[in-house]
Amino acid sequence: MHSSARDRRDPLRIGLLASAAILIGATFPVTVSAVQTGSGGAAAQTIETRGAYANVASVLRIGDRLTANVRLQQAAATSRTARTTSRDLRAFVTGLDRQLERSATALRQRQAEEAVATARARAAERIDRAEAQREAARRIAREKEQREAAVLEAARKEAARKEAVRKEAAAAERAKARAAAAARQSAPAAGGSGGSTNSAAYSGRNHMWYPALGINQPVGWFPCDRAAAPDNYVYRWGCAGSNNVYLLGHAWGKFAALNRAYYNGGLAQGQLVVYADNDGRIHYFRLAWLKTYPPVAEASWAWAGQSQSSLTLQTCVGSNSEERLFVRFTEVAAP
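Numbering (this note's numbering) for the sequence shown: 1 to 335.
Simulated from the structure, these hints should not be mistaken for laboratory data.
From the three backbone atoms N, C-alpha and C, an ideal C-beta is built for every residue, glycine too.
Just to be clear, a hint being listed does not mean it is correct.
As the list claims (entries may be wrong) - Restraint-style ranges between C-beta atoms, simulated for each label pair:
| hint | residue 1 | residue 2 | range |
| --- | --- | --- | --- |
| 1 | S86 | A123 | 51 to 57 Å |
| 2 | I14 | R90 | 37 to 43 Å |
| 3 | K144 | T105 | 17 to 23 Å |
Please build the complete structure, drawing on both the sequences and the hints.
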C-alpha cells in the first residue's frame, strides 16, 4: 500500500475505509471458491484474488479521497473560524482603541479644566493679595495724613491758645489795674489772705470776681443737656449738685489767668472769689484746695453736691489740654 503507518492509524481514514469497503463489497462481491484441482481451478482462484485486491485498492483510494475532502472541509472551516475570530479580534481591538482614545480625551479635558481652575484660583489669590496690599498702603497713607493733620491742628490750637493767653493776660492786667484804681477810689477795707476787698464794691447779678488773678467776668448758664461746646465765656454748669456753684471757662479764654496761676504758683489757700447769684446776692468764698484729673466720669466728685456751700472753678491744663484743673472754694462771711 502507499499509505504511511500514521495514515493507517488515522481514525477518520479507518472509518472512511470501512464505509468504502462496505459499499464496494456490495457492488463488487469477491467469491473465493473451494479448493479445486487442476489448472483451471487455480486460474479461477487467481482471478478472484486479483479482483479482491483491486477492490481493496479502490477502497483505499476512495478512502484517501474522502479523507482529503474531509480534511479540506475541516481546514476551510478552521480558516473561516480563524477569519471570523480575526475580524472579531480586530473589531474588539478597534473598539478598545476608541474607548481608550475617548478616555484619554476625557482625561486631557479634565486635566485642562483643573489647570484652568488652578490658574484662576492662583490669579484670584494674587489679586486678593495685591488688593490687600493696596488697602494697607491706603490705610497707612490715611493714618499718616491724619497724624500730620492732628499735629498741624494741635500746633494751630496751641498757637491760638498762646495768642489768646497773651491777649487775656494783657486784658487781665488792664482789668487788674482798673480794679485796683476802683478799689483805691472806694477806700477798700482790709480783706483776708486773698487780698484787699470791699464788700460795697461788688454788686450785680450772675457775676464773679477773682481779685488776686484780676478776673472780673459775667457768668452765663450752661445747661446740663447742652451738646454744643462752650464758647469763650464763664459758665455756671447745670450738672453740678447742690451747694456747688460750678464755674468753668477756657484756659485760652476767660480763665487764662487761672491757667497761668496754676503753672506759676499763683494759686494759694485763702484767696478770695466773690460771686453774685441770679438774685443779686453776693457770696464770698476762700480757696480750700486744687486738683488735676482727666475729663472722665470718675471725676464726678468735682461737680457732686456738697455738704457746705462751695464754689468750684474748672479749666484745662496740660500741653494738649488733656487734663482738667479743679479749684475748690468754701463760702465764708463777708470780709
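T105 and K144 - C-beta distance against the hinted 17 to 23 Å
Violated: the Cβ-Cβ distance is about 58 Å, outside 17 to 23 Å.
Does the Cβ-Cβ separation between S86 and A123 fall within 51 to 57 Å?
Holds, at about 54 Å.
37 to 43 Å as the expected CB spacing between R90 and I14, which holds or is violated:
This hint holds: roughly 40 Å between Cβ atoms.
Checked against the numbered hints listed earlier, the structure breaks hint 3 alone; every other hint is satisfied.
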